[in-house]
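Colleague: Here are the chains, one letter per residue:
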Amino acid sequence: MADYYNDEDLARFGEIAKSNPDLFRKFMAWYEASFTPGLLTKREKVLVGVAVAHAVQCPYCIDAYTKACLEEGMSMEHIAEAVHAASAIRGGASLIHAIQAQNAADKISL
Amino acid sequence: MSISTAFHDKLNGACTVPLQAHGLEVLQVNLGYRCNMECRHCHVNAGPDRKEIMSSENIDRVIDIVSGNGISTLDITGGAPELHPEFTRLVREAMTAGCHVIVRCNLTVLLEPGMEHLFEFYADFPVEIVASFPYYREADLDRMRGAGSFAKSIRVMKRLNQMGYGVPGSGRVLNLVYNPGGAFLPASQCSLEAEFKNALEKHDIVFSRLLSLVNMPIGRFRDFLVRTNNYDAYVKRLADAFNPDTLAGVMCRQIVSVAWDGRLFDCDFNQMLDMPIEPPYPGRLEDFDYDMLANRRIIVGNHCFGCTAGQGSSCGGAID
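Taken in sequence, the protein lines are chains X and D. Counting in this note's numbering, the first sequence runs from 9 upward without gaps. Counting in this note's numbering, the second sequence runs from 27 upward without gaps.
These are computed hints drawn from the structure, not numbers from a lab. Backbone N, C-alpha and C fix where the C-beta goes; we use that ideal spot for every residue, glycine too. Do not rely on the hints blindly, as some may be mistaken.
As the list claims (entries may be wrong) - Residues of chain X clear of chain D, computed beta-carbon distances all greater than 10 Å: (1) Tyr13; (2) Pro29; (3) Lys53; (4) Ala93; (5) Gly100; (6) Asn111.
Said to hold, decoys possible - Capping the alpha-carbon separation at 20 Å, the derived lysine to aspartate or glutamate pairs in DMTMM-like fashion look like this: (7) X:Lys75 / X:Glu16; (8) X:Lys75 / X:Asp15; (9) X:Lys50 / X:Glu85; (10) X:Lys75 / D:Asp266; (11) X:Lys50 / D:Glu219; (12) D:Lys262 / X:Glu79; (13) D:Lys262 / X:Asp17; (14) D:Lys178 / D:Asp230; (15) D:Lys223 / X:Glu85; (16) D:Lys223 / X:Glu79; (17) D:Lys262 / X:Asp71; (18) D:Lys262 / X:Glu16; (19) X:Lys50 / D:Glu221; (20) X:Lys50 / X:Glu79; (21) X:Lys53 / D:Glu221; (22) X:Lys75 / D:Glu221; (23) X:Lys75 / D:Asp166; (24) X:Lys75 / D:Asp258; (25) D:Lys228 / X:Glu85; (26) D:Lys223 / D:Asp166.
To be verified - Here's a subset of chain X near chain D, in silico, CB distances under 10 Å, partners left out: (27) Thr49; (28) Lys50; (29) Arg51; (30) Ser83; (31) Glu85.
One chain only, chain D, in its complex shape (with noise of 0.2 Å):
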């Protein structure tokens, strides 16, 4: 079996090709790749030196685009979304036109300087707040993450509870995002959260659910597989945890993914590896035409065996 042909053979297999759009309920926005952490399994390869960034006039799109169609969620993406001189501006106007906003947030951001006032503005704009936090030891932590990263992401962790966020019965959600410290699956969702609450409790902080997700062979990470010789034995053990009934739920379905520049893709993974919409689709935000999107054909690469492995991966976290 080529490389090149193994997911859609396996797509053959397991359902009708090709894989379609089956609605469109959220607009997954990247703002750009510029970020204060060089996470080391960052599918993006953001960092503090990326320039992209999305512009005021992308912003307008994206802010017309969600008042005006079928679309219900918001999700804000980078790099890190709140260094965007215009996110402030993007979230208050997407939530006063009744859009739900999710918002990719690394948690260390809100300790940069000049970034204080945002848990003000969580406060007033009680986003969903998706936090990268890929495992409740701190070495492990920090090994990927940088160090510091998990002192610092437990002292917003605890400023973000004290504004209710997480706590239940307050209506404001902090999730958690679970992602592998290496080339392995993940384990059970369902059995991971319970092990992060409970560790999670003993620095007295609460979250609302934990999303475990699959590392994408893409960017930083790919740079690491390649780099110790773990590639291919990865990418087989993606292949090989294949589950065809992933494929309902797979975030590609419901979702577009527009890029800094305006482009659109089927997900943020295809837009790392320059996969856009192709024609007779819209390709860019001022020729968006939901229902055309809506009714989308995919496009698919080996990399969607990343979505597909065992419980599957989505932005949603599992999908089983």
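Isolated chain X (complex conformation) (with noise of 0.2 Å):
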């Protein structure tokens, strides 16, 4: 079976414009621009990225998300913090279809 996730994969993030470079361009100038400290500052915003990396679960954005609260001075309790914090989201996320649930089984229930 082949290997999925390599993570010197991640090098290779730019070959990916060799297909359609004007849409990877757009990509990285948007991606570059939502990752400019504004009101947020830089350390908040890396936290927001690998709180949403966990969720989405992509290994390579994990890594450098990691690697990015490391150098803002954080630890691996304020990553685990955050991803436990998004963790909770997506439960919860989850757990409201409950309610779906028991709508559509009060709808045909006696």
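Please dock the two separately framed chains into a single complex, following the hints provided.
Modeller: See below:
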């Protein structure tokens, strides 16, 4: 079976531009602008990054944003808190559908 | 680009090569590699079993040099410099000669048996204490420096605070040194300092400034990088973060580093890599020539990316 998610592939990200340079350039400009400090600091933005990386389960993003958090002076305890917050949202997003189930059940129940 | 020429190539593009000293304000003296600790990030490979120690003759030479030249600051390091039997003589005589004295202290050494006198000594001779305290959370600090190090450091800092060290307006300086707990670059010194101050306030501890340093891929930290297969990526990270604006402020342009055996180097890192100052410039304490050394050519290598990455890194913290 072929290997997926090789960590050296992260450095090859730019190769994606080959098939559509214009869209890739626009993506990179948007990406960089999104992570430029504004009302939120760089530290806050990389913490959002690591939380979302876990929620969308992207191994490349987890590697990159874990390192970014450490380089912003945070520890694994900071990262763990952010991941728990993201995971709680994700868990809650599943759980809220129990109301949908209840509604569905109510609709067809005596 | 070959590894051996990478920093030279960056220098070529960034400034006049070779890199030259720009005066000589600080004599940094390494009294030996013996230490009560074995920190995982130590570039010196210092530890309790190291035997290297500066001789009395070389201590005399250091005192003569800081008493009779334009050098304003004596910066004492090691190992744990306080373990040298003539440490207090060196500090006392240098301060009596009007020299500003910095001691690079690991804090825990002050609790070692036989070292109790140092608190009284530091009360009488107010040196600038630059203390290694790489993180404000106990688990992270103890992982780097050994179990129990955090609690001991807190005890010592409380004592130093009681003596005025680190207390605003006291004139007694207690600076802390942060360095990353692994193969990554440090955060901004300014934001880290605020975070450290906030965290240590909960322990009723104050300090003067936080100095943020880059881990050098040398000594025990290099061993870690190699052992964990992080060396190439870390060195590339440093090189990619090269910031030419740091070249004006790198420490080697204003200091000379003296090894325990009296040999002279451009910095403590060159000392560990056995890259001494080369002829025609003086290479030993007994040949010390202020004017020549203040205008010498500096020996560089790829480890110099460590001092020139990002916000830069020097004995005084970030450069930018």
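Colleague: Which of the listed hints are not met by the structure?
Modeller: Violated: none.
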